[in-house]
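The listed protein sequences derive, respectively, from chains A and B.
Numbering-wise (this note's numbering), the first sequence opens with residue 1 and increments by one.
Numbering-wise (this note's numbering), the second sequence opens with residue 1 and increments by one.
Derived from the structure by calculation, the hints contain no laboratory data.
All C-beta atoms in this analysis are idealised placements derived from N, C-alpha and C, irrespective of residue type, glycine included.
Do not rely on the hints blindly, as some may be mistaken.
[As the list claims (entries may be wrong)] With a Cα cut of at most 27 Å, we get these calculated BS3-like pairs of lysine-lysine: (1) 108(A) / 143(A); (2) 58(B) / 165(B); (3) 228(A) / 278(A); (4) 94(A) / 87(B); (5) 87(B) / 90(A); (6) 68(B) / 77(A); (7) 87(B) / 108(A); (8) 58(B) / 77(A); (9) 108(A) / 150(B); (10) 709(A) / 673(A); (11) 228(A) / 143(A); (12) 90(A) / 68(B); (13) 409(A) / 378(A); (14) 888(A) / 900(A); (15) 143(A) / 68(B); (16) 108(A) / 77(A); (17) 108(A) / 58(B).
[Unchecked claim] Heads up, incomplete: computed chain B residues facing chain A, CB under 8 Å, no partners named: (18) 4; (19) 8; (20) 20; (21) 52; (22) 56; (23) 57; (24) 62.
In case you want the letters, here they are:
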Amino acid sequence: MSYKKNEDLDSGPGGSVMDKMTVFQDCIAGFNSSPIQPRRCRVLLTKLTYLLSTGDTFARDESTTLFFSITKLFQHKDIALRQMVYLVIKELAKNADDVIMVTSSIMKDTTVSSDVVYRPNAIRTLARIIDASTIQAIERLMKTAVVDKHPIVSTAALVSSYHLLPVSRDVVRRWTNETQETVLAQKMFPQYGGASGMSGPAPSYMTQYHALGLLYQLRSHDRMALVKMIQQFSGAGGSLRSPAAVVMLIRFVARVIDEDRNMRRPMNSLLVGWLKHKSDMVNFEAAKTILEMKDVTDEEATPAIAVLQLFLSSPRFVSRFAAIRILNRFAMVRPQNVNVCNIDIESLINDSNRSIATYAITTLLKTGNEASVDRLMKQITGFMNDISDEFKIIVVDAIRSLCLKFPAKQASMLSFLSGVLRDEGGYEFKRAVIEAMFDLIKFVPESKEDALSYLCEFIEDCEFTKLAVRVLHLLGEEGPGTKHPTKYIRYIYNRVVLENSIVRAAAVTALSKFSLIEDESVQASVKVLLTRCLDDPDDEVRDRAAMALRLATVPTPVAKSYLAPDSVPSLGALEQQLIMYVTGGPDAASVAFDISTVPFLTRDQVDADNFRAKVSSTMPVIGSSMDGSGAGSGAGAGAGGKGSPSAGGAASSSSGAGAHEDKTQMYAAALAKIPELQEFGAVMRSSNVAALTESETEYEVRCVKHLYKAHLVLQFDIENTLKDTVLEDVSVIATPSEDTFEEQFIVTLPKLEPESQGTVYVAFTRPEGEYETVSFSSTLHFISKELDPSTGVPDDTGYEDEYQVEDVELGVGDFLVPTYIGNFQHMWDTLPYEASETYGLEGVNGLTEACESVISSLSLQPLEGSELPLQAATHVLKLFGRTVQGGKVSALVRMAYSAKNGVTLKITAKSEEEVVAPMVAAAIA
Amino acid sequence: MSSWFSRLYEYILSLFWSSEMDITLLGLQNAGKTSLLRVLGGGDFTSDSIPTIGFSMKRVRKGRVTIKCWDLGGQPRFRSMWERYCKGVNAILFIVDSADPATLQVARMEFEALVSKPSLEGIPVLVLGNKNDLPDAYDVDAIIDVMNLKSVDDREVSCYSISAKENVNVDAVLNWLVSKSN
Ligand SMILES: Nc1nc2c(ncn2[C@@H]2O[C@H](COP(=O)(O)OP(=O)(O)OP(=O)(O)O)[C@@H](O)[C@H]2O)c(=O)[nH]1
Ligand SMILES: [Mg+2]
Numbered sequence: 001m002s003y004k005k006n007e008d009l010d011s012g013p014g015g016s017v018m019d020k021m022t023v024f025q026d027c028i029a030g031f032n033s034s035p036i037q038p039r040r041c042r043v044l045l046t047k048l049t050y051l052l053s054t055g056d057t058f059a060r061d062e063s064t065t066l067f068f069s070i071t072k073l074f075q076h077k078d079i080a081l082r083q084m085v086y087l088v089i090k091e092l093a094k095n096a097d098d099v100i101m102v103t104s105s106i107m108k109d110t111t112v113s114s115d116v117v118y119r120p121n122a123i124r125t126l127a128r129i130i131d132a133s134t135i136q137a138i139e140r141l142m143k144t145a146v147v148d149k150h151p152i153v154s155t156a157a158l159v160s161s162y163h164l165l166p167v168s169r170d171v172v173r174r175w176t177n178e179t180q181e182t183v184l185a186q187k188m189f190p191q192y193g194g195a196s197g198m199s200g201p202a203p204s205y206m207t208q209y210h211a212l213g214l215l216y217q218l219r220s221h222d223r224m225a226l227v228k229m230i231q232q233f234s235g236a237g238g239s240l241r242s243p244a245a246v247v248m249l250i251r252f253v254a255r256v257i258d259e260d261r262n263m264r265r266p267m268n269s270l271l272v273g274w275l276k277h278k279s280d281m282v283n284f285e286a287a288k289t290i291l292e293m294k295d296v297t298d299e300e301a302t303p304a305i306a307v308l309q310l311f312l313s314s315p316r317f318v319s320r321f322a323a324i325r326i327l328n329r330f331a332m333v334r335p336q337n338v339n340v341c342n343i344d345i346e347s348l349i350n351d352s353n354r355s356i357a358t359y360a361i362t363t364l365l366k367t368g369n370e371a372s373v374d375r376l377m378k379q380i381t382g383f384m385n386d387i388s389d390e391f392k393i394i395v396v397d398a399i400r401s402l403c404l405k406f407p408a409k410q411a412s413m414l415s416f417l418s419g420v421l422r423d424e425g426g427y428e429f430k431r432a433v434i435e436a437m438f439d440l441i442k443f444v445p446e447s448k449e450d451a452l453s454y455l456c457e458f459i460e461d462c463e464f465t466k467l468a469v470r471v472l473h474l475l476g477e478e479g480p481g482t483k484h485p486t487k488y489i490r491y492i493y494n495r496v497v498l499e500n501s502i503v504r505a506a507a508v509t510a511l512s513k514f515s516l517i518e519d520e521s522v523q524a525s526v527k528v529l530l531t532r533c534l535d536d537p538d539d540e541v542r543d544r545a546a547m548a549l550r551l552a553t554v555p556t557p558v559a560k561s562y563l564a565p566d567s568v569p570s571l572g573a574l575e576q577q578l579i580m581y582v583t584g585g586p587d588a589a590s591v592a593f594d595i596s597t598v599p600f601l602t603r604d605q606v607d608a609d610n611f612r613a614k615v616s617s618t619m620p621v622i623g624s625s626m627d628g629s630g631a632g633s634g635a636g637a638g639a640g641g642k643g644s645p646s647a648g649g650a651a652s653s654s655s656g657a658g659a660h661e662d663k664t665q666m667y668a669a670a671l672a673k674i675p676e677l678q679e680f681g682a683v684m685r686s687s688n689v690a691a692l693t694e695s696e697t698e699y700e701v702r703c704v705k706h707l708y709k710a711h712l713v714l715q716f717d718i719e720n721t722l723k724d725t726v727l728e729d730v731s732v733i734a735t736p737s738e739d740t741f742e743e744q745f746i747v748t749l750p751k752l753e754p755e756s757q758g759t760v761y762v763a764f765t766r767p768e769g770e771y772e773t774v775s776f777s778s779t780l781h782f783i784s785k786e787l788d789p790s791t792g793v794p795d796d797t798g799y800e801d802e803y804q805v806e807d808v809e810l811g812v813g814d815f816l817v818p819t820y821i822g823n824f825q826h827m828w829d830t831l832p833y834e835a836s837e838t839y840g841l842e843g844v845n846g847l848t849e850a851c852e853s854v855i856s857s858l859s860l861q862p863l864e865g866s867e868l869p870l871q872a873a874t875h876v877l878k879l880f881g882r883t884v885q886g887g888k889v890s891a892l893v894r895m896a897y898s899a900k901n902g903v904t905l906k907i908t909a910k911s912e913e914e915v916v917a918p919m920v921a922a923a924i925a
Numbered sequence: 001m002s003s004w005f006s007r008l009y010e011y012i013l014s015l016f017w018s019s020e021m022d023i024t025l026l027g028l029q030n031a032g033k034t035s036l037l038r039v040l041g042g043g044d045f046t047s048d049s050i051p052t053i054g055f056s057m058k059r060v061r062k063g064r065v066t067i068k069c070w071d072l073g074g075q076p077r078f079r080s081m082w083e084r085y086c087k088g089v090n091a092i093l094f095i096v097d098s099a100d101p102a103t104l105q106v107a108r109m110e111f112e113a114l115v116s117k118p119s120l121e122g123i124p125v126l127v128l129g130n131k132n133d134l135p136d137a138y139d140v141d142a143i144i145d146v147m148n149l150k151s152v153d154d155r156e157v158s159c160y161s162i163s164a165k166e167n168v169n170v171d172a173v174l175n176w177l178v179s180k181s182n
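Construct the entire structure; sequences and hints are all you get.
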């Protein structure tokens with residue numbers, strides 16, 4: 001048979017227009033005609049796949065009609081046609097009705113007697129059309145296919161089983177034994193690859209990889225089974241031939257290590273074994289996993305680093321890249337362990353592969369001690385001119401995070417930054433440098449004056465309007481507070497004379513902020529300059545100048561509220577409210593926008609949020625447990641006690657500024673809807689969410705504590721996970737342990753539908769102005785009504801029921817708000833009251849865990865990167881925050897770890913309010 | 001070369017001499033459709049036949065006639081789909097389990113619904129009382145009676161009593177089918 005060029009297709013792929021309706025009509029006619037013409041049908045199916053894959057869709061009834069006419073093609077045995085049929089069925093199955101109709105036809109193609117070309121296609125298609133009511137019918141077939149001697153059949157069955165898990169996990173679980181057998185069977189594919197001398201993929205044992213993955217899915221809920229599985233497959237003789245499968249096994253190992261401390265030693269010895277595996281991808285995965293273990297000890301890390309060090313001088317790009325990348329990540333948290341590789345890393349600085357070179361430099365920046373920073377900086381300065389903007393940005397970012405970690409090095413970093421700022425470069429690069437300088441100014445106060453002068457110099461000759469505007473804004477914010485404000489006035493005014501209107505307007509605004517300086521001569525000269533701006537050709541510039549001049553005539557507090565307000569609206573919330581206002585239709589537009597609905601943040605809060613966002617964007621996440629670490633509120637999270645899940649333990653922390661803001665805003669909106677709460681005033685602090693039940697229970701309850709001036713509101717979010725039960729009159733009885741707390745009222749939930757969520761609020765009075773802690777024993781009360789399975793209507797008569805949940809703890813941390821401050825030592829020296837306590841923490845393994853637990857129970861802001869211990873044995877954690885009343889509070893936590901004694905820590909707390917220091921020092925107990 | 005030639009020869013011959021026809025096998029679940037089809041195709045009867053999910057297609061050859069048999073699932077959820085596969089067929093086989101009287105009322109209702117479909121007008125139907133090897137199986141007359149076949153007057157309706165298991169009257173079914181090819 002010859003395949004001449006096919007005219008039919010010319011109107012299709014690669015060709016001109018293909019009309020959807022024409023294709024539809026042609027398909028219906030073509031597929032229903034008798035006898036079947038396989039080639040014509042194939043062309044039609046190709047057109048159809050083309051349409052579907054380029055985004056065209058058919059209406060449901062059209063899809064169904066198409067689907068059924070395609071099922072007629074099962075009468076033809078042409079192999080190529082049948083493969084096309086399978087392709088199209090998989091596409092259409094999502095969008096057509098009654099696709100189950102092809103089940104028996106497809107099943108015929110999966111039998112051992114049918115051609116091996118059909119079988120994998122048929123199996124994969126089957127997984128797409130089967131539903132929970134028919135999955136039993138294919139059970140036997142799938143089992144046989146999983147253990148089939150042909151790897152492509154076996155793999156198709158294994159991969160399809162993954163897709164069947166959501167359909168019915170229980171049924172798939174029944175072929176666990178077959179799956180297990182397949183891991184061990186070591187099927188090679190292609191079977192005779194290589195030997196025949198034909199080119200093609202090298203033979204692999206991919207089936208093992210797929211089987212192992214499925215086995216994990218089937219067993220992952222059961223830690224013991226998982227551990228057994230790891231032991232079995234990692235055992236001597238190494239039944240796993242596929243490197244990909246070993247890599248996957250290593251990931252399981254990582255999970256076990258993370259979840260179970262006792263398994264760490266045996267699992268780690270497996271990892272060490274894999275460091276010597278003959279496949280480099282296995283070596284890398286093992287090394288990476290070792291280095292990502294929480295609180296990895298020096299002894300554990302050393303062999304992994306040694307292996308990576310060897311790869312640094314590998315002739316292959318990928319190996320060097322993989323090695324330096326892992327080391328780079330590790331260097332962020334444990335630079336001193338990576339030191340030993342410095343010589344090898346230095347030789348990579350000039351690697352012809354720039355990704356490798358860039359990683360090498362940024363790694364060295366971290367591993368170097370303070371002394372070597374200068375030397376490296378010099379080295380990079382020579383290097384900077386040879387690399388593209390994109391790599392310059394990576395370098396600048398590395399330096400930026402260095403600034404935050406080594407504030408003492410600010411001078412040389414600043415001169416480096418100002419140097420590169422003078423170099424040629426595009427917008428993104430310049431922006432990165434500017435950002436880095438802004439950070440220095442904000443977070444390393446000593447550098448402020450110098451950095452501002454560099455920026456002044458920069459805007460003298462800056463081709464990017466956006467950047468000039470940002471710098472001018474910063475000058476307006478920071479300039480008035482410096483020793484020689486007049487110096488900046490000159491620079492700013494120069495812009496008014498020389499720049500385009502956008503920059504001029506920004507300059508006028510910046511200028512106006514200097515009029516707040518209490519020095520008449522300064523005020524007078526600002527006034528003169530602003531008056532000159534009234535002649536500007538641009539409206540906006542004139543308006544701003546006029547506004548500023550007018551503000552100079554009003555009382556200072558009023559002027560200040562315009563020029564340098566103490567609090568700013570939460571931008572996320574403002575944007576959302578504005579969007580709602582603009583899209584709200586005529587009703588919303590009939591009244592003015594109400595700015596009071598937008599929450600305002602103080603400068604402290606904004607700074608703390610920004611700092612958090614900065615740190616988390618420049619720090620790697622080491623170990624999966626680090627994100628959303630159990631930073632719950634309430635006393636005793638983690639450090640609490642043995643066994644019992646403490647109230648705060650299961651909570652997830654919100655990382656980054658955005659999440660924090662969104663949450664406050666979300667709560668505020670919900671609380672505003674409850675009239676009884678309005679007289680309590682504003683919420684002072686909302687806690688993190690604490691889970692009061694284990695997950696996957698009948699009713700899942702979570703609690704948020706809202707602190708008011710003289711009240712406390714407990715918000716219970718209740719989830720009814722039952723499919724067939726409605727809850728009515730849902731309330732929570734919360735009994736305080738202290739009688740200074742008095743219940744005010746309960747906002748109950750009239751009805752909680754099956755598989756839905758609702759909220760109950762319980763309000764208490766609390767001793768005003770005090771920091772009294774308390775715990776509430778809480779019980780859910782409700783009337784439970786079952787649904788009639790046939791009608792779905794609830795029974796008339798339910799029964800009363802109650803459900804005990806974990807206690808809610810109002811701890812010391814609930815009265816504290818994490819706050820950022822630039823100069824820890826200075827602040828520490830000024831605080832008047834001091835107290836300290838010493839503890840031994842049992843059941844805490846290592847300093848990272850201890851830090852997490854202290855930070856979460858105190859709810860204070862870690863400073864100077866001290867939340868990540870650099871040494872395994874000793875560490876000092878520096879914390880700062882404010883009480884809900886606004887008083888400063890700070891804590892210095894010295895900790896030591898030894899395998900024998902666990903973690904010992906001494907908290908020294910200082911505060912502005914007398915009662916706070918002893919309270920914080922005692923909070924961990 | 002010669003094999004190519006002989007294939008062409010066969011092909012040309014087939015244009016004149018052979019013919020293809022489509023038929024559907026309908027009836028409630030467990031009536032024995034799939035079993036009968038296996039026997040019609042010359043296969044051996046097996047007692048562990050699994051229920052048909054949707055449909056399956058099988059070719060049966062008798063002399064110069066190729067019969068494409070569309071075997072449909074009889075479970076209630078598939079019955080609404082029967083009509084799609086019956087449009088334009090040469091004949092319909094409607095199979096009932098003659099040894100299970102409890103199912104015959106439902107079978108009759110489904111049958112009546114089928115023959116009243118305008119799109120299937122005039123298509124000849126052969127009703128088969130299967131499993132006549134079992135004790136107390138209804139005979140032909142009883143089937144004609146319960147199925148109310150006498151009332152159908154707009155098409156050809158025949159009725160046989162058969163056994164797929166014991167191969168009783170299977171040849172007769174085949175001959176009836178071939179007689180419907182054009
Ligand atoms: N004794 C006896 N049993 C039969 C005969 N024909 C079929 N069976 C049995 O009846 C049962 C159902 O047969 P199937 O052929 O699967 O029935 P079906 O009509 O295809 O059923 P669905 O596919 O679900 O619509 C099987 O256990 C067969 O062994 C027969 O002639 N005599
Ligand atoms: Mg059947």
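Residue 87(B) paired with residue 108(A) [C-alpha distance capped at 27 Å]: 24 Å, holds
- prompt: residue 228(A) and residue 278(A): Cα distance at most 27 Å?
  reply: 24 Å, holds
- request: Below or equal to 27 Å on CA atoms is what counts here, so check residue 68(B) against residue 77(A).
  value: 13 Å, holds
query: Is residue 90(A) within 27 Å of residue 68(B), Cα to Cα?
result: 25 Å, holds
- request: With a cut-off of 27 Å on the C-alpha distance, tell me whether residue 108(A) and residue 58(B) pass.
  value: It holds: about 10 Å lies between the C-alpha atoms, which stays within 27 Å.
message: Given a cut of 8 Å on the nearest C-beta pair, is the interface hint for residue 4(B) held or broken against chain A?
response: Violated, because the Cβ-Cβ distance from residue 4(B) to chain A comes to roughly 11 Å (cut-off 8 Å).
- prompt: Would the stated hint for residue 57(B) survive a check requiring a Cβ distance to chain A of less than 8 Å?
  reply: Result: holds, 5 Å to nearest chain A Cβ.
query: Holds or violated: residue 58(B) with residue 77(A), Cα cutoff 27 Å?
result: OK: residue 58(B) and residue 77(A) at ~11 Å, within 27 Å.
field: Satisfaction of the residue 62(B) interface hint, Cβ to chain A closer than 8 Å
entry: 17 Å, violated
- request: Would you check the hint for residue 409(A) and residue 378(A), treating anything up to 27 Å between C-alpha atoms as holding?
  value: 14 Å, holds
query: Within 27 Å, alpha carbon to alpha carbon, are residue 108(A) and residue 77(A)?
result: Distance ~12 Å between residue 108(A) and residue 77(A) Cα, so the pair holds.
Given pair status - residue 90(A), residue 87(B), alpha carbons within 27 Å: The hint holds at about 26 Å.
Comparing the model with each earlier hint shows violations of hints 9, 14, 15, 18, 19 and 24; every other hint is respected.
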